[in-house]
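Peer 1: With the sequences and hints as input, model every part of the structure.
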Amino acid sequence: MTEREKILARVREALKVAAPLPGSHGETHLPTSAKTVSTPRQWLPKVGETFEEQLALFQKNAAELKADFQLFTSRDELKAALAKISAAENWKRIASHRGELIDSVSGSLDLPICFMDKNYDIIELEMCDVGISECDALVAQTGSVLVTNRSAGGRALSVLPPHHVVLARREQLVADLPAAFELLQQKYAGNFPSMISFITGPSRTGDIERILVLGAHGPKKMTIFCF
Amino acid sequence: MTFVAKFLKDARVMAGDLRHRKIIRAALGNYEIARDKRKASFQSWESARQLAAETKWDALNHLDKYLVEFTAKIEARGTKVHWASTAAQAREIILQIVRDKKAKSVIKSKAMTAEEIHLNDAFEHAGLNVVENDLGEFIVQLRHEAPYHIVFPSMHLTRGEISELFQRELGSAPTNDPEELTMIARRALRKKFLTADIGITGANFAIAETGMISITENEGNARLTAALPKTMISLLGIEKILPKLGDLALFLPMLATAGTGQPLTCYNTMYGGPRQPGESDGPEEWHVVLLDNHRTELLADAEQRDALHCIRCGACLNACPIFKNIGGHTYGTVYSGPIGSVITPHLRGLQDWKHLSNASSLCGACTEACPVKIDLHHHLLQNRRNAAAQQPTFKEQIGFKSFVQLANHPKLWAFAKKFARLTQPLQKLVKGTRLDPGYHWTQTRDLPEIAPETFKDWWRKRK
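Those protein sequences? They're chains A and B, same order as listed.
If you count the first sequence from 1, position 212 lands on 212 in our numbering, and the numbers rise without skipping.
If you count the second sequence from 1, position 280 lands on 1280 in our numbering, and the numbers rise without skipping.
Computed, partial: chain A to chain B, Cβ under 7 Å:
#1 V11
#2 G154
#3 A156
#4 V159
#5 M195
#6 I196
#7 S203
#8 T205
#9 A216
#10 H217
Negatives, chain A to chain B, calculated, CB over 10 Å:
#11 F51
#12 E52
#13 K79
Derived by calculation from the structure, the hints in this document are not laboratory data.
Just so it is clear, CB atoms sit at the ideal spot from N, CA and C, and this is done for glycine as well.
Peer 2: In structure tokens, the structure reads:
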């Protein structure tokens, strides 16, 4: 018998006796079925129904998370803002990946770009001032950016450089976490990327006296440019 | 010294340590404010708890089916799954991978399951090196001590102590600024990230439907651990299963709310395999180690099966008046606080660890705090009952037998009362010393004075 068979046999033996239902304190009369008919959406924090409400909520959440969220009316405005932040922060090297949105705006930067789409040298990525990536979705409910290693240049790009810049389109905004998971199922069912990550603000820690410090191991700064 | 003797000794010291109390109060005070704010933002936190409990109930009560589904899905993407019945087997599996890869440098992101199997000690005994990369874990590793709390490993330390530690161990300049201290650790660990051959992680959830694990963190250390080294190892208990990917929409915000008072922690990441064809980075090999280590024994206890719902958020520790007074290290266990008191007897022996179930006021604050509705304080009572049934103590047996005799014989009862009233003044002479028959009670409590007249006598006179 392999360990797998042994463990599964012990599990099956253990489950021969039924457990009391949750919340019943050992009495069995409370919930009649194991699964009441409810979904996470109806209990999670409320999200407005209109696009404007959701956008405003994302903006508010991003501010609380100390992420810099900027909304533009056109792709050209976004392009200009990218050039401006690059000059202001004196970027020398950029890490990024191929993508429709990135390709259309990165020309304005006139800087060497390390692309993360194929094999790359980790030391080169470490030397970059910023990682610029696209994303799969923005989640209004939590102010999160949803990325995968397929849509956002691999596993390291969004977490190794000291500044993560996310480029997004308005239509990528989803209302809540259940909607984000539905989107993942629709987009990737059957062939999920090997990494999917909800990024909620810049990296942080409270391990020293529970005082918030940004940039524990990941980016100290997070900027979300949306048009 | 027995476990109980050490516990009593340490608890007595810590309960009187005002400095410790001040540190823990300050840390948990901020947490409580944030947590309550987040809870209030839910449309119904109570209903969310019920749904979370039911989802975990479903997962645990069909665990065999979900484990088979999870492993089939994750293996199909090229992941190597290992099964370990015992802690020793899990340690050996991991050490063997490290030896096979001839790894020079191993990094590890925070994993309580690794604490449970004492993985770092095993590395040390094997002459190998592993570096913790969560800031709190890194700090306690440098101090050669166990994590103080399952979510906040270094919450018992002040910035001054951490600064001294970094000066001594890392040669850094003195500073009292938490940000600067964090940056010292960041720089020291960044080098490790870039050169590590193997990265070890834990997991918060394992999704059966899609064959993924989910890791919740704030610092980005787990993200880097799963991105840079060529080999990745993830160690998780078999109870981490959730049936569906969409279940995370509930569990991720609940874990963050209960654990740290955040709407969502900074990184919540799902991994479904090693680097796939066409992907640009990630580990070439991924090993998932599934650990039993007495979990199936707890599973077999239907009454306490829900203890396996635990998502290790630490909310019960933070709510517990005992934890706040005696601190995390006093328990002498990997899992401290109410959940530790409930499960440690199952993991390490009821008779050796039953005292933890007695160290409780049964106030129920833990049960109320639990996001997955584990019936914690009732389980403490059940542990007491089971311990007494399994191995009654001689003193208790004598005590209860004598009481039965007394209570069944009115004359004897009346005599006992008279005798007690007459001899009580003598007790004062030996109060608090070993000669006192009620020593364990009276050293910290007053024995009420027995009334000069019994109710019976008073009633008779009144007539």
